[in-house]
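Enquirer: Listed below, chain by chain, are the residues.
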Amino acid sequence: MEVLIDKSKKIDVLLIAEGTYPYIRGGVSTWIHELVTGIEEINFGVVFLGSRREDYTEIKYKFPENLVYLLVTYLFDETEKPKPEEIEGDRKVFEYIEQLHKWFKSEEMPELPNELKKLDFYTDFVKYSDFLYSKRAWDFITNMYVKYALDVSFIDYFWTIRNIHAPIWVISNVAKRVKEFDIVHSPSTGYAGFLASLLKNHHNKPFILTEHGIYTKERKIDIINADWLKDKRLIFQREAGEIDHIRNIWIRFFFSIGKFIYNSADRIISLFNDAKEVQIAYGADPSKCIVIPNGVDIDGLLPLVEKRPDPYPKVVGLLGRVVPIKDIKTFIKAMRITVDKVPEAQGWIIGPTDEDPEYYEECRNLVEALELQDKVLFLGFQNIKEILPKISLLTLTSISEGMPLVVLEGFAAGLPCVTTDVGSCRQLIYGGLNEEDIKIGKAGEVVPIANPQKLAESYIKLLTDENLWKEYQKNGLERVKRFYTKKMFLDNYRLIYKEARDGRNII
Amino acid sequence: MAGISFELRKVLREKTISAIFKAFGYSFALSSGPYVITILSLIISYFLSYDIIKQKLVLTQFQVSITYLVAFSLIYTGFSQLFFTRYVADRFFEKDYFKILPNFIGILVLNMGPAFFVSLLFGLIFISKYTGILYTLFFSLTFTILVGIWIINIILTGLKSYKYILFSFFIAYLIFIVASYFLASFGLNGLMFSFFLGQSVLFLLLLLYFIYLNYSEKIVEFDFLNRNRIFVSLIFTGFFYNLALWTDKFVFWFNESTSTPVIGPIIRYSIVYDIPIFLAYLAISPGMAAFFLKLEAEFASYYERYYDAVRKGLILQKIYEYGDEMIEAARAAILDTIRIQGIFNIVIIIFDKFIFDIFKIPLIYLPLFHIMLLGTYLQLILLSLFALFFYFDRRKESLILSITFFSLNLFFSVVTVILGPYFYGYGFVLSIFLTVIISILMLRRFLYEIHYHTFMLR
Chain A
0 MEVLIDKSKK IDVLLIAEGT YPYIRGGVST WIHELVTGIE EINFGVVFLG SRREDYTEIK
60 YKFPENLVYL LVTYLFDETE KPKPEEIEGD RKVFEYIEQL HKWFKSEEMP ELPNELKKLD
120 FYTDFVKYSD FLYSKRAWDF ITNMYVKYAL DVSFIDYFWT IRNIHAPIWV ISNVAKRVKE
180 FDIVHSPSTG YAGFLASLLK NHHNKPFILT EHGIYTKERK IDIINADWLK DKRLIFQREA
240 GEIDHIRNIW IRFFFSIGKF IYNSADRIIS LFNDAKEVQI AYGADPSKCI VIPNGVDIDG
300 LLPLVEKRPD PYPKVVGLLG RVVPIKDIKT FIKAMRITVD KVPEAQGWII GPTDEDPEYY
360 EECRNLVEAL ELQDKVLFLG FQNIKEILPK ISLLTLTSIS EGMPLVVLEG FAAGLPCVTT
420 DVGSCRQLIY GGLNEEDIKI GKAGEVVPIA NPQKLAESYI KLLTDENLWK EYQKNGLERV
480 KRFYTKKMFL DNYRLIYKEA RDGRNII
Chain B
0 MAGISFELRK VLREKTISAI FKAFGYSFAL SSGPYVITIL SLIISYFLSY DIIKQKLVLT
60 QFQVSITYLV AFSLIYTGFS QLFFTRYVAD RFFEKDYFKI LPNFIGILVL NMGPAFFVSL
120 LFGLIFISKY TGILYTLFFS LTFTILVGIW IINIILTGLK SYKYILFSFF IAYLIFIVAS
180 YFLASFGLNG LMFSFFLGQS VLFLLLLLYF IYLNYSEKIV EFDFLNRNRI FVSLIFTGFF
240 YNLALWTDKF VFWFNESTST PVIGPIIRYS IVYDIPIFLA YLAISPGMAA FFLKLEAEFA
300 SYYERYYDAV RKGLILQKIY EYGDEMIEAA RAAILDTIRI QGIFNIVIII FDKFIFDIFK
360 IPLIYLPLFH IMLLGTYLQL ILLSLFALFF YFDRRKESLI LSITFFSLNL FFSVVTVILG
420 PYFYGYGFVL SIFLTVIISI LMLRRFLYEI HYHTFMLR
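Protein chains in written order, with numbering that gives the first Met the number 0: chain A, 0 to 506; chain B, 0 to 457.
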């Protein structure tokens, strides 16, 4: 744990970044950077929770003036561990933990008991070295193993238990030592949300949670697919679809801290309506939940509408990295069908191709096999302001998205959008924020995932029916101007912070 | 490299008495060979040159000189032995092979350089006026060479190059015996030179073999002094361990009533103590062979199997099972060593007068020899226990035990010297006995919690 920046100014809002800002570029990091840069009058502090020191290189962002504090720590780093020493461990402590565990196991999806919500529990009652090195901890782990996981590889079990629990103490240590602040704001649940919850409970300060994805759900998918958690049982030893014990431990763990975080948060913010519904299904109190969508800087994009030639070019643009999650192959197949009907149509794939070279190769082979060499082009990374006027239709074929800013940017640049039905796409394209939003009307089409036929139908419709295209363009422009500007996004958070500080509801 | 265990297991697989004897003989040669060769060569050269020199004092001067050189060079290299072995082992584990040779040269330079100057200074101050400058030069050169030999020897032993070591000792001491026969007419200087010649050959044979085994682009490096790669406790364990082994002898050498000066007032020997104890050391070689055999042929494979089970992710029940079997193998190794040496000691006691006659040793030493026999017997057990502690990388216990052994040995030896001749030897026995008891308790405690240590504290 080290403090990299401390300008000795009061921290108004403390942001907790788990594996994102300022070391890794990406959606959440950009979001944090825009928030901090945008709300100049507020002083921000950032706590970065990384996995291991060697997983990160240099700081990727230029810090604004109002970022007054930066603390970084690594959850799985050896240097955060106390020196190994032989210790007995307190009998009473472990008897108590056993009680907790029994109760924890008996619940279907348990909620964290009150003792565990307090910081002192981790810093004074059960110390990190007790957990790591005491004989009682060892006895405890082996007893649990014998009771619940007898057929699992022991070393995997042992390290799962360690790796799940270890960050808790690293986090408690941060919670003890972090500088004073007014509001804590976490852009995810998980470990970051856990730290925010401990801080809230310990200092009795407001806690705001913004979820970009649904952490608990994403972790569940990660864990089920994780290669390193090898199920060493033979195939006939497990039932079809059964999740083994170790994966179950992880899932239950994230579920119960997720619930704890929802309960601790004073505000639970999601980016779009569907996400809010999922949060409520996962145990969030509906009265705390609100939606604050991301916004885009429309001033720079609006002039692009005029730059587009008339009649509009028959070009469908897919903005995104060439990786499997974006399902580029479905786009290529849809283009084959489109070109059959609209021979002059083209499909441009705009985005870096170097992230997954193997997948890129497969995509190019598919283009060749479908004889689309002069119809589907890989353009690599492009300046958005130059490329958007050259296309007339924006598309996303992803199998998973949160709230894709590119759709909003497309709207602002006068592009109707055709996307798969993932994340907030339906809300963005059909309108779903409120009654007013729905009234504006459609700004494109939403189709099922992995369905080239349906995609192509929408492309053809929009490439051939200019009136419809113009209507969608108009709707998109109106929607982004009314609900999704960067100014609105920032003002919403200004309000949220004010509300939190004054201790009353404004929204 | 790990071929020895494999060879021994192969021999033992035949399950006949002759196979067991073969394996035992092989173990004997590999474990105690160099040591037995050294002592036997000194005895042989004693008888060969006695006819030529016919001066008992010169021969005693020579033998005592060699004893001093061996004792002090062992203690001197004690600082480096364990920690550098560990350094080499770690580089092997990391597959960072190119680091080994230059750092090896580094530690040789670091040891042999000061060794030469310190021993020369010592010689010039305390010895040269009694025996002349040539003797002093041979004295410090031999000391320097011995320092080098111990370091290569322990590394090559660690690499399990037992056969080559044995071969080198054989050649070197053969050269020494032949040279001493021809040079004995030059008196003490002739003998010293022959010994120096033999040791130089030994040093070169071992060094060239080590260079042949390793490769590096660099000549010399001092990476082993890197703060992150050094295990400080091993430096002191090595030192105290070697010091403890000689403490009782020092007490007897430097006490007026139990010793006689040989060269000046500083180089002395103890007529009452030295002969019985060196015979008693010779007597434990069968036990050492037995332990070596058990350790290499049996324990090592159970040890590997246990840690493999841990690493490869077996279920806990199997880990416990293999752990128990490994502990059983450790216990068997110690107990069998005790049994075999016990039987051998009984045989020796039955034939003690006969043995003394062969070596022309006065029977007056017999009672002390019996006590010493018990002492070295216990020391054999202690050595075996230490070997297990090192195997399990129990650095803390090793350090505590080596310091305990040294302190007890010093204390009780001084006490016995004060109490008088009837008590000679009992101090040594008692100190080892207590250290053995403590070691066993510590080993038991550790093995009882071995899984906890393996998982929680590594």
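Rather than coming from a laboratory, the hints here were simulated on the basis of the structure. None of these values were measured; they are calculated from a predicted model. A few of these clues could be false.
[What the hints assert, rightly or not] Dumping the calculated DSS-like pairs for lysine-lysine here, alpha-carbon to alpha-carbon at most 27 Å:
(1) K374/A / K340/A
(2) K311/B / K80/A
(3) K126/A / K395/B
(4) K59/A / K340/A
(5) K497/A / K441/A
(6) K178/A / K6/A
(7) K317/B / K146/A
(8) K146/A / K311/B
(9) K395/B / K82/A
(10) K204/A / K175/A
(11) K311/B / K134/A
(12) K313/A / K473/A
(13) K340/A / K473/A
(14) K80/A / K128/B
(15) K82/A / K6/A
(16) K126/A / K146/A
(17) K313/A / K374/A
(18) K59/A / K306/A
(19) K134/A / K287/A
(20) K217/B / K159/B
(21) K258/A / K104/A
(22) K395/B / K134/A
(23) K317/B / K134/A
Enquirer: None of the hints should be skipped; say for each whether it holds.
Expert: Structure-based check of each hint:
Between K374/A and K340/A the alpha-carbon distance is near 13 Å, which keeps this suggested pair within the 27 Å criterion. Taken as a hint, the K311/B and K80/A pair is honoured in the structure, with Cα atoms around 25 Å apart against an allowance of 27 Å. Between K126/A and K395/B the CA atoms are separated by roughly 24 Å; this keeps the pair inside 27 Å, and the hint holds. The suggested pairing of K59/A with K340/A is violated, with an alpha-carbon distance near 46 Å, which exceeds 27 Å.
Straight-line distance between C-alpha atoms of K497/A and K441/A comes to about 34 Å, which puts the hinted pair past the 27 Å bound. Taken as a hint, the K178/A and K6/A pair is honoured in the structure, with Cα atoms around 11 Å apart against an allowance of 27 Å. For the given pair, K317/B sits about 16 Å from K146/A by alpha-carbon distance, which is consistent with the 27 Å threshold. Straight-line distance between C-alpha atoms of K146/A and K311/B comes to about 22 Å, which keeps the hinted pair within the 27 Å bound.
For the hint pairing K395/B with K82/A, the CA-to-CA distance comes to about 15 Å; that is within 27 Å, so the pair holds. For the hint linking K204/A to K175/A, the alpha-carbon distance of about 14 Å falls within 27 Å, and the restraint holds. As the CA atoms of K311/B and K134/A are separated by approximately 23 Å, the hinted pair is consistent with the 27 Å bound. The straight-line distance between the Cα atoms of K313/A and K473/A is roughly 18 Å, inside the 27 Å bound, and the hint therefore holds.
Taking the CA atoms of K340/A and K473/A, the gap is near 26 Å; set against the 27 Å cutoff, the hint holds. Restraint check: the Cα-Cα separation between K80/A and K128/B comes to about 61 Å, which exceeds 27 Å; the hinted pair is violated. Restraint check for K82/A and K6/A: the C-alpha separation of about 32 Å exceeds 27 Å, so the hint is violated. Only pairs whose Cα atoms come within 27 Å are accepted, and K126/A paired with K146/A is accepted, the gap being roughly 25 Å.
A distance of roughly 11 Å separates the Cα atoms of K313/A and K374/A; the hinted pair therefore holds under the 27 Å criterion. Only pairs whose Cα atoms come within 27 Å are accepted, and K59/A paired with K306/A is rejected, the gap being roughly 33 Å. The hinted pair formed by K134/A and K287/A fails the criterion: a straight-line CA distance of about 44 Å is larger than 27 Å. Restraint check for K217/B and K159/B: the C-alpha separation of about 25 Å stays at or below 27 Å, so the hint holds.
Distance check on the hinted pair: K258/A and K104/A sit about 16 Å apart at the alpha-carbon level, within 27 Å; holds. Between K395/B and K134/A, the direct Cα distance comes to roughly 18 Å. Compliance with the 27 Å bound is thereby established for this hinted pair. Proximity of K317/B to K134/A is assessed by CA-CA distance (about 20 Å); at most 27 Å being required, the pair is judged to hold.
In this structure, the hints that do not hold are numbers 4, 5, 14, 15, 18, 19, in rising order.
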